[in-house]
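Line by line, the protein sequences are chains A and B. Per this note's numbering, residue 291 is the first one in the first sequence, and the count goes up by one each step. Per this note's numbering, residue 291 is the first one in the second sequence, and the count goes up by one each step.
It is worth saying that the hints were derived from the structure and are not from the lab. Certain hints may be false.
If several chains are the same, the list does not tell them apart, and a pair holds so long as it fits within one copy or across any two.
Taking lysine to any residue and the SDA-like style, the derived pairs with C-alpha atoms no more than 25 Å apart in a straight line are [as the list claims (entries may be wrong)]: (1) 477 with 674; (2) 652 with 364; (3) 422 with 374; (4) 422 with 678; (5) 606 with 542.
2 protein chains.
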Amino acid sequence: MAETQHSREAPHLVVVGAGFGGLQLVHDLKGATLRITLIDQRNHHLFQPLLYQVATTILAASEIAWPIRRLFRERADVTTLLGEVTGVDKAGRRVLLEDGSSVGYDTLVLATGARHSYFGHDEWEPHAPGLKTLEDATTIRRRMLLAFERAERETDPEARRALLTFAVIGAGPTGVELAGIIAELAKQILWQEFRRIDTRGARILLIEAGARVLPAFPEPLSAYAKQALAKLGVEVLLGKPVSEIAEEGVTIGEEFVACRTIIWAAGVAASPAAEWLDIGADKAGRALVDGQLNAPGHPEIFIVGDTAAVTTPNGKPVPGIAPAAKQQGAHVAQVIRARLAGKPAPSPFRYRHQGNLATIGKSAAVVDFGWLQLRGWIAWWFWGIAHIFFLIGARSRVAVAWSWFWTFASGQHSARLITQGRKWTDASARPPDPDRPPA
Amino acid sequence: MAETQHSREAPHLVVVGAGFGGLQLVHDLKGATLRITLIDQRNHHLFQPLLYQVATTILAASEIAWPIRRLFRERADVTTLLGEVTGVDKAGRRVLLEDGSSVGYDTLVLATGARHSYFGHDEWEPHAPGLKTLEDATTIRRRMLLAFERAERETDPEARRALLTFAVIGAGPTGVELAGIIAELAKQILWQEFRRIDTRGARILLIEAGARVLPAFPEPLSAYAKQALAKLGVEVLLGKPVSEIAEEGVTIGEEFVACRTIIWAAGVAASPAAEWLDIGADKAGRALVDGQLNAPGHPEIFIVGDTAAVTTPNGKPVPGIAPAAKQQGAHVAQVIRARLAGKPAPSPFRYRHQGNLATIGKSAAVVDFGWLQLRGWIAWWFWGIAHIFFLIGARSRVAVAWSWFWTFASGQHSARLITQGRKWTDASARPPDPDRPPA
């Protein structure tokens, strides 16, 4: 790749990753005397908090994803590049790209996020896809819908039972949200459309090694969520670590459960920013940063979001959620602006927790602001309005509102398509992940 | 697969293919004393007339595709199966499926459609995908968007030029529609978002072996369409057969044009229904049928839609468009109802041509009813309203209307996502087609 052709004098800021952190940073640097290059390995920013609704047939991909370069089309200072970063040359101040080319920087921000992690069991991945990208969502949607289709054709009762058993591993917000919608699909929607099977008899297992669902929430909300899940027909298995995952099913402790659709929502690992920089990391692989989110000894390199190890004032890790990444992006923008202006640096980054939200199916949710806890339909409405508000642009807000309205009014999901992947007859095969960062 | 488990006495009608012909047939047989099994190799009915808008980033897949089994959820007489038909045992009256199982029938309707055909040059397919399925649309969308992305990173002027050259082969309605939207994308929308290239300089070639665009339309409308395309910046090359297609570009007659995005809109071939039945076919592979759309000598087997060779009263082949398939489906429903009632067969099928429609970009279209010809914006509005009317269900009508409104009001396309496929860096590779019928 060519070095930037402009001969302007403004310092060159390279931002890697157009997730919540990277976007906030670039947004906040509007008008600063900078040339900004924003590099991402995808052409779109993804609103990950609603990705589970793409996986569960409620929303279309284009309702929660926006071309990155469109978001900055009015910003002549921002050049967007589709590219895969493979490393950083700290001494030469260059970001290395997949084709052997490189991009020089004066200041670098790594905001490269996280992927799901199988805790050392990468061999589980083909059988239990996680949910981080649009491709992941399409894969999960295909597998789930194909399981019902194959069950309709299956004559062996045991094989049919396995096809109608769905296991979600991990009872954080993503696991809870996925299990809730799958249960609603099976028990409330699909049963009218099949003639040989009764999808209401499907088993939906939510398997959690810990003692409760939604462990980041206060106990009463966890208890409420568990009850709401049970009401939807989800079997919640707590204190049950998964010991094995294979094509035929999942082993929970010593017990093998035959199931053909397994979804991994149990853990994430940081992208390899710490490796690229050859700096320390915590055990989730998140790069250790100083109070200004700088790589130690490198004031020209910042790390924000899920790939940075940042702690709250009371020493707990900052959660891997969108508001945390945005706050970090905003902080780094402040630091950079202060430096450009020759002013002293702002006080070190301090995470302000705004709250936790999670939905359980189409009518219940839990919201925890610390000072206020909501549950039930009022929490659901709060959750829905908040999420529509945070979507980018009027088009998506209207489109998502319409999809939700339709889902509620008609009881039908609008995106129940089996697409992509290999031959549908090859249900267990997972298409190669096109955009996996190099390991 | 198990034979139908019901022990009801009603005769068993098997319909293969849930395109326009198959859906119309099943719809029209509501209330008939029949058990109906509808088999398709996809789980969705696709509104193919708008597929080019998915390929060109205007619509989302779920706006023009509906789960087949949902369409018939109120019809207890209809069982929907996801399955790939591999042959027909005429003597045993069984349809053979991909897993070696079979489904018995009393009456069989094959409505299996067509795929694009490369006129004996199947080796062109990896370089010039056609447009028949949602996967095709996603592939074309990826390649087109990736070409712009790669051009932004390319420093070699010649390579950049090839990336910014788009060739659409075949100037029927699909080719005209694709070329028009690609030109609008490059010349009106994307240029604001790139910093190193000017997408307004992109070349969009529409290459046609015949003497005019839209050959099925009257000459004045063809001339108008050509002019409208030129106004959008499309280079229309008429009387230019393509002699070679390779990864690097397309050879038109003797002239090689370097281009990295090539789309095939030049020809279709019928699905292998005639082969399955071992009956005669025309040179496009369409099965020869009698006046009631029966396979010769087999009154229990009907063939409808793009895979049947049916001629108009003046001897021309019936066009491969949705209304023709629907009329044939409706006719076969009449024949079957007459037989069930012990009444004489209706008079032989007679195609009633309702008209031809095609759009050129976002503000022009041509409409030919024979007795009335429209062009320009009035034709565009007619086209738009007609297509929204024919979409299935209120949800899609509102969603498509909203997407179109948004596209026009904002000048932005809503589905500009690069997804699926293999690594994006491997732009020329085409993912294996998951749903190709067996050759």
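>> Hint by hint, where does the structure go against what was stated? Just the numbers, ascending.
In response: Number 5 only.
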